[in-house]
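J.: Whole structure, please, built from the sequences with the hints as guidance.
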Amino acid sequence: MSGTEIVTDAVVIGAGPCGLFAAFELGLLDIKCQFIDILDRPGGQCAELYPEKPIYDIPGFPVVTGQGLTDNLMQQIAPFQPEFHFSRMVNTLEKQADGTFRLTTDADETFIAKVVVIAAGGGSFQPKRPPVDNIEAYEGKSVFYSVRKMEDFRGQDVVIVGGGDSALDWTLNLQPIARSLTLVHRRNAFRAAPDSVNKMQKLVADGKISLQIGQIAGLEGEGGQLQRIHFSTDAGDVSLPATRLLPFFGLTMKLGPVADWGLELNDNLIVVDTEKFETSVPGIFAIGDINHYPGKLKLILSGFHEAALMAQAAKRIISPDEKIVFQYTTSSTKLQKKLGVA
Amino acid sequence: MKIHVTDQSGTEHELEGLEGWRVMEVIRDWGLNIKAECGGAMSCATCHVYVDDAWMDTVGAPSDEEEDMLDSVGDVRANSRLSCQILMSDDLDGLKVTLAQSAAKDEAA
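For the protein sequence lines, the chains are A and B, in the order given. Just so we're aligned: 157 in full-length UniProt numbering is position 157 of the first sequence, and the numbers increase by one with no gaps anywhere. Just so we're aligned: 46 in full-length UniProt numbering is position 46 of the second sequence, and the numbers increase by one with no gaps anywhere.
No lab work stands behind these hints, which were simulated from the structure alone. There may be inaccurate statements among the hints.
Said to hold, decoys possible - The calculated lysine-lysine pairs, modelled on DSSO-like cross-linking and capped at a C-alpha distance of 27 angstroms, are:
| id | chain 1 | residue 1 | chain 2 | residue 2 |
| --- | --- | --- | --- | --- |
| 1 | A | 276 | A | 95 |
| 2 | B | 96 | A | 296 |
| 3 | B | 105 | A | 298 |
| 4 | A | 298 | B | 35 |
| 5 | B | 96 | A | 53 |
| 6 | A | 254 | B | 105 |
| 7 | B | 35 | A | 296 |
| 8 | B | 2 | A | 254 |
| 9 | A | 53 | B | 105 |
Said to hold, decoys possible - Now the stretches of chain A that chain B is said to cover, found in silico as 3 or more residues with beta-carbon under 8 angstroms:
| id | region |
| --- | --- |
| 10 | 134 to 147 |
| 11 | 156 to 167 |
| 12 | 179 to 188 |
Heads up, the beta-carbon is just placed ideally off N, CA and C, and yes, glycines get one too.
T.: Shown next as structure tokens:
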């Protein structure tokens, strides 16, 4: 899908609960949504941080998990056929001379939209960097946070750091092609699937990989090419030759490119009004955890309310000449037809 | 009740804690540099603190689930805890902790 251009009514940045519900409110007003999200699935923090954790403060749901809420929202917005573009990040957002917005992603796509809804929560999920000096200089050359091409690791001295599924899975997958492989973890206990842990321990016992208990302390190399990695261990400092490093410390949220879009910010949050939840740039709205206004509470239910009011304002931009009639889904045959129930 | 928090730059702050609050919430409420991105759900490790040695016995060891989350930061020490998992109580009046670098917020844009 390289170099494609998608023209739409609304682009929603972030497919977390508030963004998903925005598609419902916009859909009732006949506005079609294109979602862009850095994760590979809908749900945002609910899917990434706490899919199994119970949430107790969603109106009408005494208890629902993060994944359960996401699944329900996906079902609720299905009649409006939103389109999803996962695993990409919006890099630029600009207002054009004709009043529409032009967005570009790191997957080389362009979106042209009449309104933009930023529902990006705490920002985009990015891999956590280990706390090591100068690691940026090696990133993309010999330090990677994911494996895109396994061939890049063939014949290399690979060091993998972490104790979760990503670390263990890649230990098992890369061992056959790496010249040497060392798994480094801070303790001799792994939260990864027991089957993977057993397989890893067998490889250690067979002398096919090394297991080092410790934490990464420093990198040595030249021009972005890693040569040696230092670790702090209970037995003191240890170092070993390495040409590839894969740290797997999970994801953290970073505001990212949003900061460069010319929107008024307050402590990394986007300032909005409380009538339309519009940002300092008319036509760009911000809802959910990423916005700021007096009295803001970072609750999913607040984001739902913000989505409803935002949709009314968005409709006035998209269809300026249309008279908007406020209707209820309980009584309006028109709305029920849109929902596919009448 | 009071807690003493040393921030990432080495400055010590005396904060008023409230019974039943999580230490993370007290630190966040006072505006110190703590990201606490999951809000206390034990789903991240961005409220990571080092507990003063003198307080380790009173505070106690992390649970297995908390240990798992600590795997996601690279600056773990023997006295590492997630501050969202420490509840304020009379026993902890005077508690001393230091904010880990891995708890820091991103720099404001």
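J.: Out of the numbered hints, which ones does the structure contradict?
T.: As far as the earlier hints go, 2, 5, 8, 10 are violated by this structure, in ascending order.
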